[in-house]
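K.L.:
The lines below spell out each chain.
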Amino acid sequence: MSSTSQKHKDFVAEPMGEKPVNALAGIGEVLGKRLEEKGFDKAYVVLGQFLVLKKDEELFRDWLKDTCSANTKQQGDCFGCLKEWCDAFL
Amino acid sequence: MSLFMEDPAHFSKSRLKSELVAHNVVLPPVKSRKEIYVDLHLKHIAQKNAGDFSSDDEDQENDLAAKEEDAEILVQSCLTDDDLKAVLLKHGVKAGPIVASTRALYENKLRRLQQSEGQGHVNGVEKGVLYSDSEEEEEQGEQEDGESGSEGAKEEIDELSNQAQQGSSQNGDFVYPQCFLLSSRMRAHATRKWEPIPKRNSRNGIKSSQQIPVGITKASSVDQRSGLGSGFPSGTHSAVSNGGSSISPQQSFSITEMVQEMEKRKSLFSCPNTERELNGSNVQEHWSRFNRPDTPIVDTMKNQSPYYTPKESPYKMKPSQEPVKDTIKEMFLNMEASPTGICATRRRPIKGAAGRPVQYIYPDSPTTIERREVERRLVPIHIQILVFFIVACLLYIIYVCVEENSFNPFVALLDSPGQGSESEEGLVLQAETQVTPVISRQE
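Residue numbers (this note's numbering), protein chains in the order written: chain A, 802 to 891; chain B, 241 to 683.
Just chain B, with the same shape it has in the complex (with noise of 0.2 Å):
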């Protein structure tokens, strides 16, 4: 979380003083400058946060139940005032001017309408994954793991490809159970993850920087697979993605916060082999892989039904090369995740203390994602803007050839007449020379 922290500087005000109001610090007087508020920030948060982080290792449990009082709030005030705009607009409400006095108010009516939603549909977006008819499965799961939770790795192995199999023999749409336990730990998972970086963030900035490509691709194939999967396989996916790569379908994300996030992930398994869960962040793939690695059959349909995506094969290969450390660090995923030991409902506010990747990807419905999908296929905006001068050239040529042709025109216009009169003044002239003889003659 405080990643996005680090400068407080460049948060809207609005946005500093519902963190603020997020972390019971008292306001400033209502015209104060933003400097105070970041003062303020710095001052309370950040202290605030440090501790956290400082302590999150020997006591995670106390943090996040401190953390999930203010979380409900950050979920959205995390999001910018466009972002919120677009979120209502999800929801089908025209979204007056969101600023530092209506911002709380929008985002109350938010929270309302994801709460009613997530009661009104099974499938809806992430109150639908919270609230789904598998909840009981996931919290099952949660309490095998946490029972298992400190007698080692072996037997939570058993204890996953149990439940696996026990979602696979029940029918063909096994898929959903093991979206939902993956995205359940992934959540957890992912939560844990935000909190020890500023720790460690310095230390490993060179190796970090190999990464970035790495991290770009890995951005754009969850994109992908998020953004083609329809309805609730897109949801989970969102989560999972969270979770395996902290990279959100967002692409408004620095390459520094990829960084960031791969650093996070360096720091927290520093086993080796994080550049391979780097590569395949596919955390769904290992899952399967490591639950039935005997029977690729099943294995191909779990891969194929929810992601309708030709990109998968590239991650396809690579579990297959290494499940045992895929094995390892699904176990890392439920250590984590089993002390909670809380439903669904309070675990989301932990996910929106997470920071603000997490809570980007949360409110995302389908829609929004396939919306960005199709945003992000679009034409870059430079080679639009290139486009445009060229086309604005063109024209530009185009009615200056015009001009010069309607210009010429116009002289030959101009100058006929002028000839014209000439002629006849000549003429007259020569009226006027013929005439004067016959007077002299007269004469």
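Here chain A stands alone, though its shape is the one from the complex (with noise of 0.2 Å):
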């Protein structure tokens, strides 16, 4: 974990809106693709995931491998960036 991505600190810098689900760290072409078919096209819809499972990071990354099977480091940086966006603005 030497620093974070451009994305991360983009998206972690302002409120999201109405960012789209891939503007999240970690959350790419492929796996927002995925997502939006799973229903969760906003960010804040995972972010209510998120939440709802209390920013367990065990349980997080179980459900976002579940849902679009993203890996370790994709999971993190999504989990990572949630948790500081959460930090700083809920």
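Possibly wrong hints are sitting among the right ones.
[As the list claims (entries may be wrong)] Pairwise CB distance ranges (calculated):
hint, chain 1, residue 1, chain 2, residue 2, range
1, B, R351, A, P821, 30 to 36 Å
2, A, V846, B, A632, 41 to 47 Å
3, B, I623, A, E815, 56 to 62 Å
4, A, K874, B, P620, 54 to 60 Å
5, A, P816, B, D322, 33 to 39 Å
6, B, D322, A, D888, 30 to 36 Å
7, A, G818, B, R617, 51 to 57 Å
8, B, T320, A, T873, 31 to 37 Å
These are calculated hints, taken from the structure and not from any lab test.
All C-beta atoms, glycine included, are put in the ideal place defined by N, C-alpha and C.
Given two chains presented individually in distinct reference frames, assemble the corresponding complex, making use of the accompanying hints.
P.N.:
Structure, rendered in structure tokens:
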């Protein structure tokens, strides 16, 4: 964990508003598409899932893996970015 | 199992969803209404079950194999959200809201926890039973049963009694192996018992209604035993109570469910002594009785050591009266358990496919059972409400009285200044009247 990605910084810098799901760090084209297919079209929907799992890292990672088969790094990025966003804006 | 599927409209959406998933049914779009899920459920799962039930007498093993696939999921998917949460809490996990989108995750987590616990503790909850060191005995029993299953009753009895004697001659705590043997058989037994119900439900509805009170008392006594027994014995007990009476310690079951369970038993053992087993469904008792009919000391030991309960005594009496019929039942148990010949890991799904009550039991650790026992012994809710209302009324009366009392002083306080001012005015008037004559005199 040397540094966070640009995407992470961008996401954490401001309220997420209506950003699409692939604005989340770790969620790219492919994972974003998969998530949209499952109904998670906006970043705030993923945030909702993140919150309903009580910001639990393990559960959220599991969920992300089940939902869009994200790899460990993608899980970690997404979790970290949502966590930081929550710390900043919630 | 289909007992509880008879009305899928009563299921929660998440449960319908998870059952559909368990049966490899393609889920409708995310925002579908519940009716769609119910329809799907009826279409796929009910049919599938009907098929299963119609064929279970002929080829049970095939069904079992088929059911094992989805049983793993069903075990937990049949728990309600609250129960899942409770079980997770028992495992030391503070679960968040269990909703459709989180349920699967928590189920996975619970499964993982249970597996790790089962490996960790020999005397753990359900996995402990499955993987404990008495597994060999259990399997041995199974194999023996399998070999002798077709050869008839007598040989089986001999084998069983041999096993029992082995167990008892080893040391004092032969109770545990016995429990295991029993529980394993009872488990398999219970699963099979679930299956043929829907066909025969309608036939003996009236008869079963007579048995309701019996069922209730039975459930309570089973409860007490499993609640009071500590550690392992209680674990096995839940299994025993399962197979024996099909009534779980769970108090949440409705009477109709119990009735249906009774019917099950009736339909399976159509011999006249089914009622006897219903009454004294303490199979452990039968077991020990028929194993060692000539050694009452061993018997009492068996009965006392695992249970710690005074409730035993009434049941102790019954098995001794008709030991022969008990043996028949035991034979049935074995006959049914024998064809499996599968190790415990594969048996757990079977138990899962058996239906809800069984699933309720297995995840229960002694602590939850004890807790439920305590809850059961608490004052009933309507009495609590009654007491609450009485207290509320009392408080209100007191409040009214106090208010009246306080009101009076207030009135007095309010009145007294008025009176004071009046008297002052009177004095002033008097003074004025006194002054005016003086003035008039001066004039």
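K.L.:
Hint by hint, say whether it matches the structure.
P.N.:
Consistency of the hints with the structure:
| no. | hint | result |
| --- | --- | --- |
| 1 | R351/B / P821/A: 30 to 36 Å | holds (34 Å) |
| 2 | V846/A / A632/B: 41 to 47 Å | holds (45 Å) |
| 3 | I623/B / E815/A: 56 to 62 Å | holds (57 Å) |
| 4 | K874/A / P620/B: 54 to 60 Å | holds (56 Å) |
| 5 | P816/A / D322/B: 33 to 39 Å | holds (35 Å) |
| 6 | D322/B / D888/A: 30 to 36 Å | holds (31 Å) |
| 7 | G818/A / R617/B: 51 to 57 Å | holds (55 Å) |
| 8 | T320/B / T873/A: 31 to 37 Å | holds (33 Å) |
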